[in-house]
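**Q** Top line first, the protein sequences correspond to chains A and B.
Under my numbering, think of the first position of the first sequence as 1, with each following residue one higher.
Under my numbering, think of the first position of the second sequence as 1001, with each following residue one higher.
Please keep in mind that the hints were generated in silico from the structure rather than gathered at the bench.
The structure presented is a predicted model; accordingly, all values stated were derived computationally and were not measured.
Ideal Cβ placement from N, Cα and C applies to all residues, glycine included.
Careful: at least some of the hints might be erroneous.
Anything over 10 Å on all C-beta distances counts as not near chain A; from chain B, calculated [claimed, not checked]:
1) I1078
2) S1090
3) K1106
4) T1119
5) P1142
6) I1175
7) W1180
8) I1192
9) A1236
10) L1245
11) F1256
12) V1289
13) L1290
14) L1298
Straight-line Cα separation of at most 20 Å, SDA-like style, residue types lysine to any residue; simulated pairs [claimed, not checked]:
15) K1308/B <-> Q54/A
16) K72/A <-> E1191/B
17) K72/A <-> K1153/B
18) K1296/B <-> P144/A
19) K130/A <-> T96/A
20) K1153/B <-> V1227/B
21) K1296/B <-> P93/A
22) K72/A <-> R1203/B
23) K1106/B <-> Q54/A
24) K72/A <-> R1202/B
25) K1153/B <-> L1075/B
26) K72/A <-> L1075/B
27) K1296/B <-> S147/A
28) K1308/B <-> E143/A
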Amino acid sequence: MTHPLLSVRSVSKRFGNIQAVNDVSFDVQQGEILGLIGPNGSGKSTLFNCLLGQYQPDSGSVALKGSNITGKSPSELNLLGIGRTFQQLSVFPEMTVIDNVILAGQEHSGSMISRLFGSPDAGLTEAAEKLIGFFKISHLRDEPAGSLSYGQQKLLDAAMAFMAEPSLVLLDEPAGGVNLTMLGNLKERLQAFNSEFGTTFVVIEHNMEFVMSLCSRIIVLAEGSVIAEGTPEEIRSNQTVIDAYLGA
Amino acid sequence: MKFTKRNLWLLIGLALLILAPIGQGRYIVYTLTSWLVFSIAAMGLNLTLGYAGQISLAQSAFMAVGAYITALLTLNGIHWIVAMPIAVLSSFVLGLLIGFPALRVKGHFLAFVTLAFTTLVFLVLRNEDWLTGGPYGLSGMPRPDFGLFNTGKNINFYYFTVFIFVIFSLLMYQIVRSPWGRAFKGLRENEIRAESLGVNTRRITLLAFAIGSAAGGLAGSLMTPLVQFIEPGSFALLHSLRILLMVIVGGAGFFFGPVVGAGVVIMLPEVLRFTEGYYLMIYAVTVVVLIIFCPKGLVGLGEIISRKILKRKEVRKDFEQGAKL
């Protein structure tokens, strides 16, 4: 039997009186681009953080290719091949762009000891240069990441998520605050990764146009629960979804 | 090796270190040696504080561990060259043992845990007379003799310390520019992001702390033959605070920041001695002014000035950084 790449079963998370995530279950198949949408406060980011080890779910389980990964730390999950981006800007501002990307890959290369005595770049400069070229920020190679514009930092954040060649990438609002041209650029990059390397994506996004055109399947969350699931067309015409978004 | 501007500065620095004690009296040579010893301790703390971003007030306690182990071994006829690695390794292992539980807490809480450790070490040194000599300490430790080169004379011991300092700096430089160093910086700049990229933050913080502790042990190991008399008071909390001051005044996170800081903290009182009764006041005010007006330390200030003149790259301050959940 082949397992789905990621399998989420009955995950719940409560903060005090707020049930942020309530009994959420879904599967992510190898090679798909899954969208996760919902109004503000619907539990998308909390769910992400439960999947990524930042939070421990109160109940439920998460499995990667059939093996249980519930309760693993974010760094362990990264080493298992899960990459992520963050909603807020999330680079290392004082380090150069190239160093940011090398840091994103170095823990996957060699042993602890070889990382202390080996070459300073862990042999990753070439791969990192290729990646920043792919995201069209090569000209910023030696700039401190903190000196980049917002959109450029978003692209760098995305590049970092890909450095370790993850099989699954979770993107938390990759389009937030990114201008139209750059947004098109970002979408193109994600699709290229998906088709060339078979990278699987789960994307949280408020930009409907972006999500509808990028994702093959969409899950809608409201008040912590899944209220709808389907193709972009099905979601667009789903009355429950329209009501949830319009607050009816 | 490429001959860059940086290498030129390093060569000038080394030449100055070699020329500095020539024609100087005993006291100046002693002060210069003491500066290098504290520079080593402060560079160790800089790894913990400046690179990995953790506040530790235990550096003088690790110096004590290094100093007492070296003293006890050399008093029993073991050569310094054997005693020193034992002292450094003990400090490293102790750093791991203390750091493992202590690094569950961060920031100010870690400062308090390490403060308690420093106090504990002080009490052990003072109360366990049978081993440490209690409040009277230990004295008469020999300076290392290498046959052709005897460090018995102050000037010889100074050059010996310069040699150890250079070796130590090269090792530290290797650590800081290695992937470990990058992970340390990542941890300081954005811990959650570093963790999401596979950096085992707990392990890497612990290693930064233990390596910093080992540097403290090395400084202590040099302190013993330098002073040839050690007592618990030489390693009390006050000295941890002084080492912290060296790192901050010089510039935390800058490689040679602590060396500049140690210079200021050790030399300034000497330079101000002519003001007699006022020197402590002037010293305190200078430090306060320095910290308010250049929070990145003297090396940081130098960098800001060179950036203004040379129009170097700068990190913008308009975006709030940091991964938030």
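**Q** Let me make sure I understand: some of the numbered hints might not hold for this structure. Which ones are they, in numerical order?
**A** Failing hints, ascending: 6, 7, 8, 15, 17, 26.
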